[in-house]
Amino acid sequence: MVLRPYAAAKRTLSFADKLLEVNWGLVLLIALIASAGIAMLYSVAGGHFQPWALKQIAHFALGLVVLVLASVIDVRVWMSLAYPAYGVALLLLVAVDVAGHVGLGAQRWIALGPLDLQPSELMKIALVLALSRFLHGKNIEDVSRPGPLAIGLGMIAIPAVFVVLQPNLGTTLIIVMDGCSLLFLAGLSWWWILPTLGGVAAAAPLAWRFVLHDYQKARVETFIHPEADALGKGWNITQAKIAIGSGGVAGKGFLNGTQSRLNFLPESQTDFIWTSFCEEFGFVGAMALLVLFAVVIFYGVQTAMSARSQFGRLLAMGIILNFFFYIMVNGLMVMGLIPVVGIPMPLLSYGGSAMLTVMLGFGILMSVHIHRQVEIPRHSGGII
Amino acid sequence: MPLFDKKDKSRYATFSRRAVGLGGAMTAVFAVLAGRLYQLQIRDGDQYMVEAEDNRVSERLIAPPRGRILDRFGVELANSRRNYRVLLVSEQATEGVAQALDQIGKVILLSDQQKKKVMHDIAMNRKFVPVPVVENLTWEEFSRVNLHLPYLPGVQPDVGESRDYPFGAELVHILGYVASVSEQELQQSDDPLMSLPGMRIGKRGIEKQFDKDIRGRAGASRVEVNAYGRIIRELGKDPGEIGEDVYLTIDRQVQQLADQKLDGESAAMVVMDVNNGDILALSSTPGFDPNWFNVGLSGAQWQGLTADDHKPLLNKVTSGIYPPGSTFKTAVALAAVEAGIATPSYRVNCPGVFVFGGHEFHCWRPHGHGTLDLEGGIKNSCDVFFYQTAHRVGIDAIEQAARKLGLGKVTGIELPGEHSGLVPSREWKQKTYKQPWQQGDTLSVGIGQGYVTVTPLQLVQQAARLASGKQVVPRLVHSVGGKAVPRPEAAKLDFSDEALTRVRSGMNKVMNEGGGSAFNWRITEPGFEMAGKTGTAQVRVYSEGQHGGPITKNSALEWKLRDHALFIGFAPVIDPKYAIVSIIEHGATPAHPHVQMARDVMLFCQQRDPAKLPPAYPVSQAADAAPLGPKFAKAGE
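Respectively, the protein sequence lines represent chains A and B. Mapping the first sequence onto the working numbering, position 307 (from 1) lands on 307, and the numbers just tick up by one. Mapping the second sequence onto the working numbering, position 304 (from 1) lands on 304, and the numbers just tick up by one.
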């Protein structure tokens with residue numbers, strides 16, 4: 001992994017140094033996963049590059065540029081950009097409620113040229129940046145003090161509220177999980193954590209009653225009894241399970257997935273792409289893809305542990321956890337282990353906005369890796 | 001201040017510890033994902049594979065063409081007409097459905113109402129489902145549509161099938177008809193064809209009796225469908241088996257004449273080959289057009305059929321039950337000869353009335369017939385002769401003779417719903433009325449009244465048996481799907497030659513000797529002479545008082561109360577070939593129209609002689625008798 005430790009050890013790195021320091025092996029791994037996604041998009045379109053595969057190639061190519069650019073930016077610059085990014089993401093989030101257009105019954109997009117920008121995607125990166133910067137300046141005792149804790153929780157809660165209002169339950173969950181994981185990593189006392197977990201468990205029935213939308217409740221009910229309405233609301237889960245299961249050990253083969261090709265799988269190009277993959281490549285292919293994901297995550301955790309700055313550590317860990325939460329929620333959802341929430345599979349699902357934010361995340365992760373030797377004073381605010 | 005102090009160290013340590021913990025948690029989640037994959041793909045993979053196949057593969061039934069029904073010379077009596085129609089697939093109508101309909105309207109006539117219906121059908125169906133626009137087009141209209149096809153996007157010309165009965169009502173009581181499958185029939189059958197939309201099955205007659213053969217076996221096309229039911233491609237095909245043709249023994253020419261002669265009266269006529277039982281004509285009028293049921297009957301049409309007092313829905317030949325009247329005297333005569341009572345010297349004096357048990361039994365001729373022998377009794381149809389003879393013979397011998405002639409039980413013809421009629425006996429009366437048999441009952445039966453009832457089909461069988469001296473039974477179907485229906489050779493009738501000869505002689509005198517009851521309506525062409533026996537069946541129930549009194553003139557009565565007119569006959573007198581029955585309900589008039597029509601039909605039938613003409617189906621005399629058809633019989637010898 002560590003190609004040239006002496007270069008990383010230098011306080012200042014030249015552009016060439018940084019390019020050499022980029023972990024190209026990881027980039028290759030990411031490209032491999034994205035290629036699997038593109039192949040699946042080609043397959044679910046019935047063996048055509050239109051309408052998804054070709055555009056996804058463009059998304060990924062753009063994402064690669066973003067990754068490299070983000071990786072060579074000094075981690076301290078990212079630190080300086082943390083709060084502004086958070087502010088901008090928040091503004092955009094507010095803007096979708098005002099100017100965003102309606103799609104799939106939820107307001108989530110802002111048209112940005114050819115791209116439909118989802119501010120909630122951007123927000124996850126921005127929140128991780130901002131919280132990492134905030135927590136970088138806090139000692140363990142500070143983290144558990146009411147004042148700083150309230151600020152940290154507030155930074156999580158404000159975007160969470162806007163996203164849940166969209167309404168987008170899946171992304172809200174991920175934002176909350178991202179934020180809380182960072183508080184946990186920064187050393188939040190168990191005296192806060194355990195009672196809170198207990199409180200959440202107790203409050204769940206109340207949330208069911210007063211907070212959740214009808215369509216969200218319907219999803220949960222459908223999840224619990226999918227067979228009761230196999231042709232209606234339970235359709236998605238039932239068909240997804242059939243698709244995965246019918247793949248068997250070796251899969252039906254590339255382009256031979258009947259469930260997705262014949263439209264039995266809903267939205268097979270986005271949230272359910274993993275299902276199509278499992279159908280065509282079977283248990284063997286699915287496990288191979290899981291291993292690839294695991295390697296990427298392992299790299300992320302390793303990057304976090306090896307960074308010398310608390311900011312870098314929190315940032316790397318936050319980004320990789322965000323990546324993990326996507327996989328977890330999507331994987332559990334399409335395999336019928338949790339209710340259907342609209343979360344795509346990172347790198348696999350079709351979508352420019354998701355692809356770019358995931359690649360931006362990896363870019364920042366790479367930046368942490370390249371600048372792992374950089375030490376940042378506790379009270380520093382970056383270098384801009 | 002150092003960049004890296006003790007506090008940093010403690011929070012780094014906490015971070016590392018907790019990051020490792022989270023790593024463990026992530027590993028656990030991955031293990032769950034992998035476990036779930038194992039569960040779905042390996043443990044339950046086979047089951048999900050089946051479910052995916054169920055999703056994907058759909059069987060589309062292919063309805064086989066229904067077999068034809070033909071007469072003995074290959075004339076199609078029921079066939080499948082090509083139904084030229086135009087379908088519209090809305091998703092292929094690139095310029096919109098309304099525009100497409102306007103375009104079709106320029107090529108063939110299309111009413112606004114039709115257009116409305118199409119718009120409605122298209123709205124009700126998925127956009128790739130072909131919706132019929134017009135059906136039953138002429139070939140000319142259909143080819144015009146085909147010619148303009150390049151300018152008609154979304155239009156699909158299609159050739160379907162529809163059952164057709166070219167002769168309409170003429171053969172309806174033989175053929176029956178086809179109509180939509182009822183809910184009950186759907187539940188009782190396991191043939192997948194039954195649930196096919198638009199499926200028609202036989203409801204009466206041959207169409208019903210041989211429905212399974214005529215229907216054929218459903219073909220199936222295994223197709224791959226998508227989630228919306230659209231067919232993506234064909235995976236395999238089983239063409240099924242087309243329905244089998246049924247050849248009848250009917251000669252449509254004779255049938256046509258019989259139908260014309262009956263002329264819509266409430267009447268029935270059957271012509272039968274006396275030697276092998278072939279039915280050449282079987283007519284029951286009025287009938288109805290079986291094509292109505294195929295396209296769907298209107299309420300008014302159905303109302304008309306059920307309310308008509310001439311009962312067009314009833315096949316009077318197999319299901320109409322009548323007192324045989326004087327035609328039954330032939331059975332009594334046979335019994336009398338066989339019992340040794342009616343010897344050649346046997347004479348009965350008819351003074352016009354027969355007094356028995358304090359009651360007067362009148363002859364139809366008030367002044368009587370004088371002294372008669374057996375042949376004379378038959379010739380004059382003298383009631384007193386048969387009162388006295390029946391009384392002497394007794395009910396047991398009469399019952400036995402009637403049964404030998406085939407009365408009292410179904411003939412077994414290949415038509416559904418045949419009735420058996422009734423030949424009464426002592427046991428029957430005891431069982432039914434809990435009363436012993438009375439001598440008076442025997443007298444009534446002796447002239448074909450009282451408890452005895454028959455169907456016209458039994459009467460023609462009786463005539464054929466008298467003529468041939470064989471136990472012939474009527475048959476309507478020669479072969480199904482090229483295989484002859486097995487039919488054993490008729491055994492000799494269990495009557496002495498003397499008895500048969502004398503009864504035949506009586507029947508000959510009825511028609512061909514001056515003074516015979518049907519002499520006026522005899523066949524005069526030499527070599528075609530017919531023997532026969534008329535009958536009049538009382539419809540009114542006579543009270544004791546009336547029975548003894550003078551008979552009211554028929555024409556003075558309301559139609560429904562008038563007597564039925566019956567006639568049985570065979571021809572030629574020497575070496576008979578054909579037997580006939582004709583019945584006109586409430587039609588007993590001095591002009592004897594039922595005998596006239598029987599005469600005309602029998603003359604035509606003899607002159608045409610269908611039994612001698614080469615039939616369309618392969619036939620050999622030996623084969624008809626063999627249980628397994630011609631080829632097997634030859635091989636077995």
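Quick caveat, the hints were computed from the structure, so don't treat them as lab data. It is possible that some hints are incorrect.
Straight-line distance between alpha carbons at most 25 Å, and here's what the computed SDA-like set of lysine to any residue pairs gives [to be verified]:
1) B:K7 to A:P266
2) B:K9 to A:V301
3) B:K9 to A:L149
4) A:K252 to B:E234
5) A:K252 to B:N55
6) B:K404 to B:P344
7) B:K7 to A:L153
8) B:K6 to A:Q373
9) B:K117 to B:E140
10) B:K6 to A:S144
11) A:K252 to B:P344
12) A:K252 to B:K9
13) B:K6 to A:P266
14) B:K6 to A:Q50
15) B:K577 to B:V410
16) B:K116 to A:I140
17) B:K7 to A:Q50
18) B:K7 to A:G381
19) A:K252 to B:E265
20) B:K7 to A:R76
21) B:K9 to A:R378
22) B:K7 to A:M305
23) B:K6 to A:R378
24) B:K6 to A:W192
25) B:K6 to A:H379
26) A:K252 to B:K212
27) A:K252 to B:K404
28) A:K252 to B:G236
29) B:K6 to A:I140
30) B:K7 to A:H379
31) B:K9 to A:G381
32) B:K212 to B:P192
33) B:K7 to A:L149
34) B:K6 to A:S306
35) B:K127 to A:P377
36) B:K9 to A:P377
Numbers of the earlier hints that this structure fails to satisfy, in rising order: Failing hints, ascending: 1, 11, 12, 13, 14, 16, 17, 19, 26, 27 and 35.
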